[in-house]
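Residue numbers (this note's numbering), protein chains in the order written: chain A, 1 to 312; chain B, 1 to 276.
Just so you know, the hints here were simulated from the structure itself, not pulled from any lab data.
Each hint should be verified, as a subset may be incorrect.
[What the hints assert, rightly or not] Every beta carbon over 12 Å from chain B, so not counted as near; a handful from chain A, in silico: (1) Val66; (2) Ile242; (3) Ala283.
[Said to hold, decoys possible] Simulated DEER-style distance windows between Cβ atoms: (4) B:Ala13 with A:Ala49: 54 to 60 Å; (5) A:Phe151 with B:Ala23: 20 to 26 Å; (6) B:Met118 with A:Val123: 33 to 39 Å.
Every residue, glycine too, gets a C-beta built ideally from N, C-alpha and C.
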Amino acid sequence: MLAVAAIGGLSAVEWHARHLNRPARIRETLGAWVFIAPSLAHLLVFTIAPVAFLLWISVHDWDLLVAARPFVGLAHFREIGADPLFWRALRNGRVYARYVPVEMVAALAAALVLDQPLKGIKVLRVVVFLPYVASTVAIALVWQWLLHRDFGLLNAALAALHLPRVDWLGNPRTALPALMLVSAWGQLGYMMVVYLAGLQAIPSSLLEAARLDGAGTWQRFRLVVWPMLRPVSVYLLLTGIIWSFHGFTLVYVMTEGGPSHATDVLVYTIYPTAWEFRRFDVAAAMSVVLCALLLLLTALQWRVLKAEPADA
Amino acid sequence: MPELRAPRTRRLAGYAAALLLAAAMIAPFLWMLSTSLMDEFEVYQAPPPLLPAMPRFENYPEALTALPFALYLRNSLILAGATVVGQVVTAAMAGYAFARHRFAGRAPLFGVYLGTLMVPGIALLVPRFLIVDAMGLVDTVAGLVSVELVAAWGIFLMRQYFLSLPRDMEDAARLDGASEWQVFVRVALPLARPGLATVALFAFIDAWKSLLWPLIVVRSPDLRVLEAGVASFHGLYYANWPWQMAAAVAALVPVLLVFLLAQRAFLRGLAFGGFK
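When you get a sec, could you build the whole thing from the sequences and use the hints?
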């Protein structure tokens, strides 16, 4: 916050020196700051201050019942580093994120299918997009019912094919993949729409030229469409991975992190650490790790967006 | 890739693929609806019946009064409404200032806003909660709506939107003696309506779907939002799937209505560099 104030003060002084005697300019600056003030105040209190505060808590003891908050250095980080459940949550997060590339392939296929000039295709696009806007708890509930061991529709289909039933959410080996399936289903519509915009931005003259050169459908896709979609793909990959680390609702409703921590992810570990066990300092240390991870991914994403023409 | 004259069989195959895809996406919703009309014990069959033998509409009033869902609905509407108003107003004002005004400190300030866009809010739950707690706002409506009242991405979207609009009309209004505030409200805002609609829609849907912050900041059942209410209903009536599905449908309907009414603005927003 001080940094912002300092920047603001300095630039005001510098600006003032340059534009002395220009009341119109001063009025414009004052007016603009009035327009900025509400959002700036909010960002200061709920984003910028919390970042500094988060770092501070993570290296201090924070007990709601004790007034003293001594500096403890990296003790909380050592504690989570020695906690196998923390590492389990990190590993689960890494596995969980793998639904993203699979989902992207499905989304690209969906976009190609929905890019056809067919009657009523717009309605189908909206239908494919529906899960993305739907209430996540509702989605979690219906999928829990679909994946039910004894009475779920999915196992009924398996039984009809004479395949063994699977206890999707009750088996530590299948619980995480089941959540990945639901996540992919839920976000497919978003990725499809972004791919669709990418497809429609490809100049048709390029495809026409490829066709005249004798390229078949597959060759046109591989040599023209796929390379043109590369920036969109990279963007979606990184966005998807970032999102995958935000996933909370599905875990909270469908598995509660279980069975035997098979679906514990970082956010779901932070939540009880802080609000059940009241270890805000340890939860802060975990949050710092999560924050660093996501900042790294975001920085990567921004570099890609900057390097490529951002027309996605 | 539009084909000039796709052969008939190919067109049919294309249709089939599109319909199959749409079916896979809508099937869980239809299953939710069908189960919500079944008898409590009817669902316990393997294989399950696809449709209820006799639609049982009483499931809805029964399930939705087993917990105070009307109250949860009100709380969700308050949260979503405050989020929409807060984000739209601040995005319009700050976006306009960044797009139209040359003022002292603009460049560094813009850098600060860009920086906040990078910070993942999910990692800030602990300090945000402790700050809200220090303000005495835990378990209040103000605490519930506080953290998402401003969204940096909305400010950027509106800045882009204002930059894409011509300035002529604003200048003409100024020559006619309009004040800066009048130029903003009467000239710039009406032109920016599509951009504002996009911000409003995303704000509404994000707020409607949010669960983690409401769980953290609200203790009393009186302030529970719909998502949290349905989640706790799931814990209470674990064995009654028709009731659970009825509650799920109830949680879906408002947000789907908003989306269907405004899906054009929504999809346009996504295409308009509007990814978040």
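Checked hints:
1. Distance to chain B confirms valine 66 of chain A as a non-interface residue, since its nearest Cβ pair spans about 14 Å, more than 12 Å.
2. Residue placement check: isoleucine 242 of chain A does not keep its beta carbon more than 12 Å from all beta carbons of chain B (closest about 7 Å).
3. Taking the minimum C-beta to C-beta distance to chain B, about 5 Å, the non-interface status of alanine 283 of chain A is violated against the 12 Å cut.
4. In this structure, alanine 13 of chain B and alanine 49 of chain A meet the distance hint of 54 to 60 Å, their C-beta atoms being roughly 57 Å apart.
5. Under the hint 20 to 26 Å, the C-beta atoms of phenylalanine 151 of chain A and alanine 23 of chain B, about 22 Å apart, fit the expected range.
6. At about 37 Å, the beta-carbon gap between methionine 118 of chain B and valine 123 of chain A stays in the expected band of 33 to 39 Å.
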